[in-house]
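Novice: Each residue of the sequence shown is one higher than the one before, starting from 1 at the first, in this note's numbering.
If you are wondering where the hints come from, they were derived from the structure by calculation, not from laboratory data.
Just so it is clear, CB atoms sit at the ideal spot from N, CA and C, and this is done for glycine as well.
Be aware that one or more of the hints could be misleading.
[As the list claims (entries may be wrong)] Per label pair, the in silico range of CB-to-CB distance:
id: 1; residue 1: G37; residue 2: G417; range: 50 to 60 Å
id: 2; residue 1: A504; residue 2: G108; range: 37 to 47 Å
id: 3; residue 1: K402; residue 2: S122; range: 40 to 50 Å
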Amino acid sequence: MYPLKKSVLLTLVLVLGLAIPVRAQDKSVDISQKLQGFDGFMEKTMKDWNGVGIGVGIVVNDKLVFAKGYGYRDYEKKLPITKDTLFPIASNTKLFTSVAAGFLVEEGKLTWDRPVRESVPSIQFYDNYLNNTITVRDMLGHRTGITRHDTIWYKSTYTTKELFERLKYLEPKEPPRQLYLYNNMMYAGVGYAIELQSGKTWAQFVREKILQPLEMKSTVYSIADMVKAPDYGVPFTEKRDSMELYKIPYYEDTEGLAAAGAIISNIEDLSHWLIALMNQGKYGGKQVLPAKTLQATLEPAIALPNTLGETRGWWEILNRAYGMGRQSFSYRGRLITVHGGDLPGFHSQVSFMPNERIGVIVFVIGNHTAPLYNALSYNVYERLLGMDQTPWTERLLEIRLKNKKAGTEARSKAGAGRVANTKPSHPLEDYVGEYEHPAYGILKIGLKDNALQFDFHKMRFPMTHFHYDRFDTPDDEQDGKWSVNFNTNPQGDIDKATMSLDEAEASFVRRAPALDDAMAQRLAGTYETPSGGKFQVVMKPGGGLYVVFPGAPEQKLILYRGLKFRVQEFADVIVEFVEENGQITALKQIDPSGEYISKRK
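Work out the full structure: start from the sequences and follow the hints.
Specialist: Structural data, given as structure tokens:
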């Protein structure tokens, strides 16, 4: 789920030989035999990958039979990972949300396959076709045809309701149910639908319906609550252009997008979750989760391509499909259901084989080691099932190192397309202001020390002139490089800022100054065209000024500056009110063809 300072030079990675005590003593001999050599494999993997810390848990039938930490939960303080170490599980939250929605399906307050607006009338999508088509299964199955738009929520302070209200601005790229397009925003939408239909926040509903019955007593939703516990992970990762490990900030802005990735848990608590998933919703002898809901989340909602087989010739993974909050596929002939979770510094995978009733939990600290949650999960299954071991760690390490080298080389060539000896079209102060996009929110451009300042979703950087009206931020280790191209309107004013975000360009329009009621009242009245036709300028409380001609659509006036206004339909038209001796005497329409004056009556 995530988009991408005290530095520590890694000289030696120690693999902790501390096995975490677990309840299933009757399985210990069998498990230890099947996992013979696993510690040595992990030691080599940690060294080869420049690892920080990894936790592995194994559930068989209805017991946690193995839990062990390798490396450190806090690399700086050399603190060990245990079965109680809390980690943000990010998108592994999604199945909790799907199951929570299932409780409301059971109650008749939601449906899987009818348009969601039939249950939640306030939800709005981009157009009426989507409004009358999109279902909860579409939203939870990533098959709405709408791409990710992660920059809307990344480092923003939007509430779940505000994200819910932004769904209507997301234009689809494909028809519904044709292509798997991962979308965290849809989970925010379902999270708010759960609140509307249950009368409880998503967090309250999930805690009451899932966490408490499963005795997941350590599981929380925020970093603030996590760090109150005695045992939690600390995010370290590798620098882009070296092997140096360094500490990064926690990603804390998950409240609005909670339904897609806010849960923070540990191996112990997640083993309870896995036990219920693997036993048709039963835990501790009780039916805790609805069995029909679990089956519904596993049913394929949309197919995924056999990417690894087709691009790299690796056919161990075959015929992937996404259900609701989890993926399923054949792994070397065995059905497996799985989901990953990714936030800066923390990566996780929770999976199980339904027929074998074996489940694996993997926690990984470090963005550079994120692919290991796949490799290690598959390795555990192969060992427990007596299969020969697929060289996943070697395969993925080769890809990682090649990508790291390619990234370093690419950054060394940044700016090659710069046009020399150009200047901005305006003085720097003319670029200063707030620019708004209906979905992405506010981009603020400031001025400090004779340099433009970039301020967007808690990301604040100085900007340097690149060429013409393009300005760039530095290439930040965590948040990357941001490039803004400013545009002028027909009057020559800076009125838009364009950035490449997610899957397309997004234009932020300069925010108009506010129009107060007193000013609107002064301008409202009857005006007469040069040919003698009369029309009205009408003030609507809370809605601004409108030009109203009999038999014609209303035209909203948008304050530009002083007594000048724009109209939404034409960028090259200005409406200016004329003031003489403190009285409004006329209205001028100014466009490329000339100036037309209508006198006030």
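Novice: State for each hint whether it applies.
Specialist: Hint-by-hint comparison with the structure:
no., hint, verdict
1, G37 x G417: 50 to 60 Å, "holds (52 Å)"
2, A504 x G108: 37 to 47 Å, "holds (39 Å)"
3, K402 x S122: 40 to 50 Å, "holds (48 Å)"
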